[in-house]
Amino acid sequence: MSEQLRTEVRSWLENNVPAGWREAMTGCDQDAFVAAQRDWFFKLVEAGYATPHWPERWPGGGRSLAEQKIIYEEVARADAPRLILYFVALYHAACTLMECGSADQQQRFLPGILKGDVWCQGFSEPNAGSDLASLRTRAERRGDVYVINGQKTWSTMAQYADRCLLLARTSSDGRPQAGITYFLMDMRSKGVSVRPISQITGDDEFAEIFLDDVEIPVEDRVGEEGQGWAVAQATLASERGLTLVELTQRMRHSLGRIGEVMRARGCADDPVLRAAFGRLIPQVHAACALADGYLQKRISGEEVVGDASIVKLYYARTLREFVRLGQQISGLDGQTMEEFTRGGSQETGNWAVDFMNSYNWSIAGGSDEIQRNIIAERMLQMPREPRDWRWQKGA
Amino acid sequence: MSELLTELTDSTRSVLDSLGPGTAEETIWTQVVDLGWLLAGVPESLDGLGLGPAAVCVIQQELGRSLSAARYPAATLVIDALVAAGESPLLERLPLLLTEALATAPLVPPDIEISDDGRLSGTVRAVWSVDRASDILVWTNSDVLLVPTSAGALKARPTWDETRRLFDITFTDVNIDSGWRLAQGAAAETLVCRIETLRDFLLAADAIGGATAALESTVNYLTERKQFGRPLALFQALKHRCADLKAHIAAAEALFADTLNQAESGFGQPQAALLAREAKLLATAAYTEAAEEAVQLHGGIGMTAEHPCHLYLKRAQLNEHLGRRRVSDELELATCQFS
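These protein sequence lines are chains A and B, in that order.
Per the working numbering, the first sequence starts with residue 1, numbered consecutively.
Per the working numbering, the second sequence starts with residue 1, numbered consecutively.
FYI, nobody ran anything at the bench for these hints, they're computed from the structure.
Check each hint, because a few of them may be wrong.
As the list claims (entries may be wrong) - Each computed SDA-like pair below joins lysine to any residue, with the alpha-carbon atoms no more than 25 Å apart:
hint, chain 1, residue 1, chain 2, residue 2
1, A, LYS393, B, LYS314
2, B, LYS314, B, ARG230
3, A, LYS297, B, GLN236
4, A, LYS297, B, SER11
5, A, LYS393, B, ARG230
Small disclaimer: the values here were computed from a predicted structure and weren't measured.
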C-alpha cells in the first residue's frame, strides 16, 4: 500500500514539478514567486497532495501520518518547490479550524483555503517573542465585534495574506496565558496595515502588522474568550513533525552539492575541507533519523515532551554547519553577492544567503535557547529559574 | 525499539545494577555466560536465541552504561564470525565458546601478515583479556583465522581506561595450522567486513550507554549541588550544556538505530560497514563530549579518582581510537561521497 503511494507520488512529481523552477525562481521578484507558488499550489491541490492531513471527506484527505510522510519524502527527493506561501493556510489555519473551530467557521473558511486563500500568523509581537504569553495587543468587546489595537511582527508573507490567525489579549487578570483570545482576522479589514521587513538577505519574507481599531466580528473568534492559548497550541502542533522530515530529507539530498562544488572549485583534495565534510555526513544522516524517529513516535503514540525540541535543535545546528561548510568550500567567490533562489531547500548553493537564512531555523518557531530550556526542564527534569529577579547596574 | 529489545534492556540493566559498579571481570563474566547473553545473536538453529545484532548491541549498551569490564564485544565477534563462516570444522567448537567463551578478538584491525608459505607474523594490538583466552580471532584482507593464543607472545598494554584489560599479542613466523582457518579469499573479505561492521556497532552501543550514564550523573550532581544558595541546575548556562549533550546523544542513538536497521539485512556488505562506521563516529564523539563535560560540570570532585567521572572520560577517549584504521573515519566517509 505505502509502496504503491510512493510510486504514484514519485511519478506524479516527475510529470508535474515545473521544469526549471529553480532557475526561474533565482533572482525573481517576490510577485513572480507568489505567482509560481499559486500555480504549484493548485497543481498539488488537484492531485490531492496538498491536503493529505485533512479529514477524509476532503479531496486528497484521510491519509495516515505514515502516508503523509511518504508524500513529504518524495517531494524532497524530487527537489520540488516548497509550498511556503500556503503553509500557514494548509496546516496552521486548517488544523486549528478542524480542531477548535465551530461548524460555521469550518464551512466558511476551509473551502477558501483550497481555493487559494493565503493565511498568515499574528502571534509574535515586538515585546513578545520567546515569551509569547506576554503579548499586549488588545481586543475589546463592543457589541457584536471585538476592537483590536496593537502590533504583530515576524508574520511570514503577511503582505500577501487574505486572513490572519490572531492572538490578542481580552483580559489582564490572572496568568498571562489566561487572558489571551484567538481570532480569525480578515486582512482587508479597516485599520490593518502591513509593512514588509527588509531582511539581511535583501529579501522581505516577513512583515509587521499594525492594528488600529480593527473590528473583528464575534463569530470569528475561535473558542471562548481567554482560551486562545490552548487554541494556539493546536495551531503550533498542527504540522506534527512533517516539516522536519521534509527539511532533513532535502538536506540529505543536498550532500551531493558539497561534493560537486569541491570538485568544480578544485578543492576536493583539501584535507581540512574533506574532514569537515566527513564530520557533517553522519550528522546529516542523524538529523534525518531523528526526524524520522520522531514521526514514528507520533504514529505509535510514544512521543514525550522534548522530543520535538531535540529534532528542531539538532536540525538547526546541523543546517548551520552544513551551510557554513558550503561557504568554506566556495571561498572568495562565495562572498560575491549573487541572486538567490526562492522556495527551495535550505541548501540552495548560494551559501552566503543559505547561511543567513539558516537563522530562520535557530530563531523562529522557538529559538535554540527555548528548545534547550524545554529539553533541560522537561526531559532532564532540571529546575526552572525563579520568576522574580532584581538587578542593579554595577551591583 | 521493539518490546523484546526493551525487555532485554531492562533485564540486562537490573542485573548490572544489582552487581554494582566496579564489579571484577570474572564475576561479571560468570553472569554473562550463565544468563545466556552470549546466545543472543546466535541463530535458533544453533541453539541460540536468534535475536540478531540489535540484541547484542542492546546488551553492550547496558554494559557500556555500567562501565563494565566484561569482554562481551570481543567474545561476541568470535562467536558471530564462527556462525557466519558456516560449515567449518571450527563450528564444532561453538558450544564450548558459548558456555566458556575463552576466545577473544581485537577491537582494532590486526597488524599482521601471512607469508606465501603460510606463516603468520605481526602484532595484534589492544586485545581484551587475551591472557584469559585460549584463542584469538585475527584477520587480513584474505584470511580469517582462529589462532591459539599460546602461539603468540603476550604483553600487557596498560591503558588509561582501567575498566578494560588490554594486551598486545605478537606472532613471529607462526606456522598456520589449516584447522585454524575460518575463511579465505572472497569469503574472508565478506567475513572481515562483517566482523568490522559488528565491532563498530558494538563500539557505538558502548559509547551511547556510557554517554547516557555520564549525562545522568552530571544532571544529578547539578541538581544536588548548591552554590550561591541555589542548586547549580538552576543556572541556564549549565542547563543548556546538558540540553546540548542530550540532543547529541539522542542524535547518535537515532543514527545508530537507523543504520543498524539498514545494515541488518546485509552484514558483510561494504555498505553495512560504512553505516556502522558512521554510527560509531557520531556515538564516540557524543561520548567524549558527554564525558569531558561531565568532568567539567562536576567541578573538583570530577578530578578525583574516587568519583567515576574519570572512568567515563578514559573509556570514551579510548573508544574513539578503537575500530579506527590508519585513516580518520571522517576522511573515509568524505571519500565515499566522492567515489
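(message) Checking each numbered hint in turn, tell me which of them this model violates, lowest number first.
(response) Violated hints (numbers, rising): 1, 2, 3; every other hint is consistent with the structure.
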